[in-house]
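*Asks:* For reference, the chains in residue letters:
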Amino acid sequence: MTHASMAAPAPKTEPNPTPVTPVRNSGRYLYAATVILLCAWVLVPLYFLLVNTLSSPEQVSTFPKSFIPEFDLGSLQFFAGFQGILNALKNSIIVASMTMVMSILFGAPAGYALSRFEFRGKETFRVLILLTRAFPLPLLALPLAVLFIRTGLDDTTFGLALVHTTLALPFAVLITFSLFSGIPVELEEAAWTLGCTRFTAFTKVVLPLILPGITASAIFAFVISWNEVFAAAVLTIENRTLTAFLLQTLGEAPLHLKFAGGFILVVPALIFIFAVRKYLFSMWGIANR
Amino acid sequence: MRGDLQKDTNDMAEIQIKNVAKTFGAYQALHSIDLAIADQEFMVLLGASGCGKTTLLRIIAGLETASIGEVWIGGRRVDHLAPKDRGIAMVFQNYAVFPHLTVFENIGFGLRMAKMPNDEVKRRVERTASLMHIEQLLKRYSGELSGGQRQRVAVARALAMEPDVILMDEPLSNLDALLRLEMRAELKGVLAESKTTAIYVTHDQVEAMSLADRISVMHQGRIIQAASPIEVYRNPAAQFVAGFLGNPPMNFLRAEKAGDGKWNVAGETVDGPRGAEAPLQFAIRPEDMQIADQGLPAQVRLVEPLGAHLLVTCDVDGTMLRAVLDSDLSLKAGDHIKLAPQPDRVRWFDPETTKAVA
Ligand SMILES: Nc1ncnc2c1ncn2[C@@H]1O[C@H](COP(=O)(O)OP(=O)(O)O)[C@@H](O)[C@H]1O
Ligand SMILES: [Mg+2]
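Residue numbers (the numbering used here), protein chains in the order written: chain B, 6 to 294; chain A, 17 to 374.
Because the hints were derived from the structure by calculation, they are not lab data. We put the CB at the ideal spot given by N, CA and C, even for glycine. One or more of the hints may lead you astray.
[To be verified] What follows is a set of in silico ranges between Cβ atoms, one per label pair, in the way DEER data are often shown: (1) 242/B with 134/A: 23 to 29 angstroms; (2) 259/A with 30/B: 57 to 63 angstroms; (3) 132/B with 128/A: 39 to 45 angstroms; (4) 92/B with 128/A: 47 to 53 angstroms; (5) 137/B with 131/A: 55 to 61 angstroms; (6) 134/A with 92/B: 50 to 56 angstroms; (7) 137/B with 88/A: 48 to 54 angstroms.
[Said to hold, decoys possible] Listed next, the stretches of chain A that the computed footprint assigns to chain B, with coverage defined by at least 3 CB atoms under 8 angstroms from CB atoms of chain B: (8) 89-101; (9) 124-131; (10) 359-369.
With the sequences and hints as input, model every part of the structure.
*Replies:* Structure below.
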C-alpha cells in the first residue's frame, strides 16, 4: 500500500496518500519487535542450555561462547551413569503418571458437572477451585509433612502424587470444563432420544469428541508434576523425584553437570507443552481451534 | 420400497397432553396445556419466539420434565420414562449430527444402540438415505456437509428409527429460503408416507399452513386454538390468532351497536352479531375487500405493487387498514375510495375477552 502512494508517475490520481500508513507501519514494527523480544526471552536461555549441555567441561566455563555446540556428549553420558538418577527418573515418571490419572479421574467429572448442571453454589465452587492455588506450597509444606508422617504417606510416590494432584486439579477441572462446554448439549440429547442412557451417551458421543482434549489435559497434569520441586524435596527422602534429586545432588556439582541436569529436566516438559499447546490456547480463550 | 417405511399399523401412537404446566424458577413457561394428537396426525405448534413451543416439545420428548400434568403416548403414560423408552425420535433445530461419525453411522446410531444386526442396519440406513436423497454422502463426516445436507441426515436419522412419533423443532429455520421451500415439500411427502405421528414446531405461519393437518397456535405459554389450517385462518378463535396468521394480518375496526344485529363501523352500518351489547371489534382480512360504490370510506395512504396484487394501506376513520386489491387498479396516495368487505368473511371479536363472537 505504501508502494502505491509512493509511485511518482501518477501523483494526480492519488493526491492524498493515506496518512494512517506510517502510523500503522510503526505499530507493526513495534508489534514485531515485542514478539521477537518475548521469543528471545524464552529461547535464548534454552539455546545456551543446549549449547552448554553439548559442550565439554572446559568449554562450558570459557568466554566468549561459541554459538555452535561441539556435540560433546560427555556430560549427558555422565548422567546416564550417575548413581540414583535412574531411580529418580523412575519415581518422577510414576508420580507424574499417578498425578495424571488422578487429576483426570477427579477433574473431568467436576468439569462435566460445571458445564452441564445448574446447582447451588456453582459459582462459589468455581472460585474455590481457583483458590486452591492461592496458598503457596511452602506454607502448606510443614503441616503436610507432619500429616504425611502421621498417616505413613511420607516418602511414598503415592503421597507425593496426591500433593501434585491437588496442584494439577484446578487446571484439569477448568480445561475439561471448557472442553465439555464446547460440546453442544443437543448432541447428548439427540443420543438420549436415539436409545442412549446418560452413561452410554457420554461414552458414545461425548467421550470420543473430547478425548484429544482430555489427553492434553492429562499431559498438562503430567508436566506440572514433573516440574514440581518443592513438595518433592520436602516430602520425600529416599524416593526422590528427578527434580528433587537434581536439586539435592547438583548443589555442589561442577557447572557442566548443572547444565546437563537442567537440560534433562527441561526437554520432556518442552515436548509435552508443545504437544498440548492448542488446548492451552483454547483454555486461555486466545483461539478456539 | 414404497410403504417399506410404514410403521406397524396396529401400533397406535396418539398423544395426549393433560394439564401440563412448566415453571422455570419464578417464570411460568407453560400454563395448563391440554392437547390431543391423533395417530398419524401432523400437528404443528405455531407461535412467536419464546411462547413455549420448544419447552412443550421437550416435555413430550422427555428432555424436560413438566412441573405438573401428564403425557400419554399410544395409551401409555410416559412422563416418568427416559427419552429412549418413549418411542419418539427428534429432529433438532441445529441438527445435532454427531461430528465424530460418518453419515452412515449417524443414521444407523439408534439402530446400533438397539443392537440391530449389521445387515439390518445397513438395509435401513440405505433405505432412509435414499428417501432423503443422501445416498452419495454416506461416507462423509458432518463437517463436510452443507446445512441442507445436515438437515437431511438429521431427518434420516430420526426416520431410520421408525418411531411412533417424530418430533421436530424448527427443523428448517436454519436453511435459506429456497432450500426451505424444497425441504418443506419433501418433508411433507416423506412423513405422510411413513405414517408417523408428527409434532412440528415452527414460528413460520406459511410453513405451518402448508404442512399441518392441524395447527396449535400458542401464545405466552397457552394454546389459543388448535384446528385445521383453514379453520385457524378463516375462523380465528381469538384476536391474537387473527392478528398472528395471514400476511398482512387481519384488519380490526371498532364497531358500535346500531340496533338489533346492526353495527356501526366507520360510519357504515354492517350486519353483525345479535347478542352482544358493548362495542365489538370488526375484523376482515385484507384480501376479503373490494373497491365498490358502497363500503367503508377510506383514504389511500400507501400503494405497494406486489406483482400479482396491489397492497393498499388506507386510513379508515383514523385506523390504518390494509387491503389486497387487483393490480390493474390505478390508485395513488390521497385517493378517496370505498372498500366493501365480503359479508361472509367478516369476523367479530369481543375487545374485553379478545375471543371471537358468533
Ligand atoms: N432452561 C430454561 N431455564 C429458564 N427459562 C427457560 C428455559 N427454557 C426456556 N425458558 C424460557 O421459557 C420460555 C419459552 O421458551 P421456549 O419453549 O424455548 O420458546 P419457543 O421455543 O417458543 O421460542 C422463554 O421465555 C424462555 O426464556
Ligand atoms: Mg424454540
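*Asks:* Determine for every hint whether it applies to the structure shown.
*Replies:* Okay, the hints, checked on the actual structure:
Separated by about 59 angstroms at the C-beta atoms, residue 242/B and residue 134/A break the suggested range of 23 to 29 angstroms. Restraint check, residue 259/A to residue 30/B: a C-beta distance of roughly 59 angstroms satisfies the suggested window 57 to 63 angstroms. Remark: the range hint 39 to 45 angstroms for residue 132/B to residue 128/A is upheld by a beta-carbon distance near 42 angstroms. A C-beta distance of roughly 49 angstroms is found between residue 92/B and residue 128/A, which places it inside the suggested range of 47 to 53 angstroms.
A hinted range of 55 to 61 angstroms is violated for the C-beta pair residue 137/B and residue 131/A, which are about 44 angstroms apart. As the Cβ distance of residue 134/A to residue 92/B is approximately 52 angstroms, the hint placing it in 50 to 56 angstroms holds. Hint check: residue 137/B to residue 88/A, Cβ distance near 50 angstroms, so the stated range 48 to 54 angstroms holds. A count of 3 residues in the segment 89-101 of chain A with a Cβ less than 8 angstroms from any Cβ of chain B is obtained; the coverage claim is therefore met, three being the minimum.
Under a criterion of three residues with beta carbons nearer than 8 angstroms to beta carbons of chain B, the stated coverage of the segment 124-131 of chain A is upheld, 4 such residues being counted. A stretch counts as covered by a chain when three or more of its residues have a beta carbon under 8 angstroms from one of that chain; for the segment 359-369 of chain A and chain B the count is 0, and the coverage is violated.
Consistency note: the structure conflicts with the earlier hints numbered 1, 5 and 10.
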